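Residue numbers (our numbering), protein chains in the order written: chain A, 1 to 353; chain B, 1 to 337.
If you're looking for bench data, these hints aren't it; they were derived computationally from the structure. Keep in mind the model is a prediction, meaning the values are calculated, not measured. Hints may contain errors.
[To be verified] Short, incomplete list of chain B residues facing chain A, as computed with Cβ under 8 Å: (1) Ala-55; (2) Glu-90; (3) Ala-96; (4) Gly-115; (5) Ser-118; (6) Gln-161; (7) Tyr-174.
Glycine included, each C-beta is placed from N, C-alpha and C at the ideal position.
What follows is the residue order along each chain.
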Amino acid sequence: MSLEHHEFGLRPEVILGLCAALLVLTLLAAIALGSTAIPFSSVFDAVLGQLPPGHPDHDIILGIRLPRALTACLAGAALGVAGLQMQTLLRNPLADPFVLGVTSGASLGVALVVLASGSAIGTFLASGMGWSDGFIVVGAATLGGLLVLVPTLAIAARLKSAATVLIFGLMVGYAISAFVTVLIAGAAPYQLERWTAWGFGSFSAVTWTQLQVLVPVIALGLGIGLLSIKQLNALLLGENYARSMGLNTALMRLVTMGSASLLAGAVTAFCGPIGFLGIAIPHTARALFRTSDHRLLVPATIVLGAEIALLAQLISLLPGQFGVLPLNAITALIGAPIVLLVILRSRRGVFSG
Amino acid sequence: MIPALQTRALTIGYRRHGKAQALLDQLDLAVAPGELVSLLGRNGAGKSTLLRTLARSQPPLFGSVLIRGQDAARLSAYDLARAVGVLLTERLAFAAMPALRLVELGRYPHTGWSGSLSQGDRTIVAEAIAAVGAQHLAQRDMAELSDGERQRIMIARALAQRPAVLLLDEPTAYLDVSARVEMFAMLRHLAREQNVAIILSSHDLDLSLRLSDTVWLIDKANRLIHGAPEDLLSGTALSAAFSSNAIDFSLTERSFRILSRLRGEVFVSATGAERDLLRTVLEREGYGLTDEPNRASFSVLATAEGWTLRTTQGTSGGSSYADLAHTVRSLDENPVP
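So that you can see chain B by itself, here it is in the shape it has in the complex (with noise of 0.2 Å):
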């Protein structure tokens, strides 16, 4: 099967005086239709650099870019926004169109000089809009919509070109939590129905870890790791490129840790959900788990009720996680009758 997108000896960076100053290099990757990638790495790591690069709004330093196959370099403008679709981090301000106005803008590379649609771009337009779930919102005017419905429009409009690969650039930013994930379910089913190549940039460790077919790390040596996101989670790439001395990139959490100095360790006799719970105001109040009571300088018992706090010096009991906070925060001053 030929990729969607593939690279070959890509090198990427800005050109200063004539001087090639280069971000990511010899990169080999090659992307299938249907394919989600999430591309992470630190701001100014080069995400935004390798999408542009890609959809060829930026040279490269060396090296090629191949869109099913053909050279893109070689592509006429038209062709290669038959091609690749995008979505850019800049903000529009839109001025009074209605929303499937805007989506056939994206008919732009098939229509004739006059720009006019036939009942097939009429069709492909209904399709992409049907496709991002955004039927209701055709008639709407873009300048009423929400910054997620809005996105959403914005990639119907890249998918009405019939592209091969779709280069979303921070497709979730100022987007707020639940249009996150919703967002990225949509995306993840895109790319399988459509079969297309969706390659994205995103900050959202945890839904592009959950979502992706394949992750895209840029490290901190500038070295971009891919594979699998399972891959990347079971070795230490991940914890490599956004750990540092303040926070740990947790495995099984797949988020981060604050990493603070331990007031010290408790014993804490409880499972699952329960014991999540617990785990999470203990570490806020600077005290980690252990399994060896003799360890522990407190234990802490779940119970039917809520909690017990057993130090040597007594116990103490609550039904709230608050009152758990306030009891373990005030034991430095009052030891626990």
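Just chain A, same shape as in the assembly (with noise of 0.2 Å):
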């Protein structure tokens, strides 16, 4: 016996294939509905390379909504994934890259390599960024991410209280925050004003070229996730028990914590600050195959992790003509929700563990 039935009698690998194949309806849909009615033969023919470049149909699918979309499923999945690694390895339920301030570290890297190299925020934020300084921007981001989770899981291994943990993370990351708000607090208000919306989070803005260095980057870092699946199973029982099964503890710490900051590293650098859905992602996970094996957990968090980034990135499109909702609140919207139920569900207390 490999995997557990479910309760209604689907095996995961069916719920699993379920989920894959609403994850392509959902990305048909990415692609196809947004602020301009485009009908579904030219969003078609467009995808299949059928309409020639100039073309608005073609730009708008091409340009605008498809890497939108892609952006999407590599940030929910990669959120997802640091989340999980994150749950893990603290054993600790509410841990995620933004409760714990690693997308704050991020945020920091992000804005001293900006001000570092003198180019104007807004050229950055604006997508002027190239292939280069995308692998700058996400190094950057990724060390300012382990710059908190390095002291963060310090503090965890001498402190076995999970809500102090947690607590420390929060401040860390607030007080981060604060730094960068003074540092960002000099430039020009335009540039300001293209920082908040940065802050709001959002899909958008990322383009064919900064994919090149997200795809491979997030693609290393889920990589990372899916090959070290026997090591999380083993860190279940806590590092004590995993090292007396012969897991070479100390390793698997800087391991994880290095692909947990790369993953929420990448995606803040270049999507903002998004929270919610590192924590949201992997209990949905869990709640929808019940099981705590990460033989199922990473595939389905990673899936998972697509397919809700999607939907919060169509949410956010609702308005319609009247502009886009900020990536954030949606995200909030949907994760609260998880993360309540997640405390009120667990009988014995979230911090028993």
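With the hints as a guide, dock the two chains, each given alone in a separate frame, to form the complex.
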């Protein structure tokens, strides 16, 4: 017996397949729907390369909607896996890159690069970023994330209280956000405005050039997640038991911190600090598959992450011609109830571990 | 025969600010396959430190630990995990996971990078679950199990590592009385059946002394005394390690006796279980037993209906032990008419 049967009698592989099918449908919807109405036939023609470049439908579909949808999928999968890794590593159901300040650390990295390079923040945020600049910003965001995650994990190793660790992460996150605000305060008003817009979170600003950076970086992070399924499962019993079963816990901690920071850093660099997805996605996967087995959870988190982020993206377009809703507001509206459910449903309290 | 576990001039303890603080030193111990060892001692005596050092989760201050004749310090993490299984005292909050899945985690050091189990692995997992008598729990969720059932599953997980040595830190802590006895009986059986060396720490003196092959006793002078339980019982080691002004370790009862200032002595005319029961009632009231009728403050005679108490002033009788206790308690104020 490999994987447990679901209570509805469905094999988990079937549920995962259904989720993947739903993801494909949502992806199609994300390409077909938008502020400009484009008939389905044109959508298919554009995707299949039947429309000439320069045709407005071609530019909207291939230049805006497709990269936006792909970015949403990548960001959702990345944030979900980063959240799952941190929840397992810290044995804390409420850990995620946003709550523990990794996202704030990544923002700091982005702000420092932008200020140090002397280029106007506005230029960067208006997607004037080239290919090599992209890697530099991702690197800085990852290091910024690690800057927060390393002391948080050190605290977690010393203090067994999960609540203390969460509060520590929250406070570090606030402190760093405040520092970033101070750094940015001197910028020109129009730059500030763009920075604030970036802070709302968005999948729309990512171009094909930037996707060439985002795709390999996120593929690397997800690959590490998929390759460390066995180790993540051993960590379900805590580091002491994992070590007694032969896991090199120090190395595992380093690799997991590195890949979680990389995933969260890359997303933050290109899409802004996006909250709640990191908590909500792994818990949705746990609830749907009723398991804590990472052989299922990691692939499920990737698929559901892409799906949930795409949905959030679609919802943010709802106002139609009147603009878009801030993505962070949508993710909070989706994520906050899930977090509350997690807290209320755990009989022995979230922090019993 | 190569011992499953052996220590050579092992000194354990902590290093603080570069200074070594030894808890136990110069330990030369050997445990054979199939041997059940109970590690006894007061809190803070170094039981957990010794187990952690044997499990290599803490470095020794000096000396070495050999597992199946090989220096544990030189084993790879996987090789060590294939040789030593542990049960820790930390209580885990279990996520949704069937017991079977948890036991499967024990195959960790034997599986490849993907962690997928072969048919052989599954057989070993099933055997480990059977060895702890938990077949009926395999499909249940860990969150639903009782403390005793979880301990069994955690031990099955350690067994699935196919170790030569099991190190169990207080496997009976948190368990209720009957679960403690069952756990000890299971471990006793397990050691012999699986030919695995088991070293456990415990505060259950009675069970440890009855069921272990060997006792490692850490006494008040931080020495580790080892031997068969009976060897330790016949000497003074156990009472020296555990007795104090208030309690005394009783050889015959393999348990503690509370010392209190005696109010007097009683001559008891009874045998066997009845005498035992009368003794505990009288001890509770502060009287010791004597064989000399002349030294006795009063005498108690077991009868067909119950008991008869005779003092110089007179006689009284009753049927229940509660009545006897009540009568003895009131002797001081109202001598028996």
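Hints, one by one, checked against the model:
1. Ala-55: With Cβ-Cβ at 7 Å, under 8 Å, it holds.
2. Glu-90: holds (7 Å)
3. Ala-96: Holds. Min distance 6 Å.
4. Gly-115: Because about 3 Å separates Gly-115(B) from the closest Cβ in chain A, which is inside the 8 Å limit, the hint holds.
5. Ser-118: violated (12 Å)
6. Gln-161: Given a least distance of 7 Å, the restraint on Gln-161(B) holds.
7. Tyr-174: With a closest approach of 14 Å, the Tyr-174(B) hint is violated.
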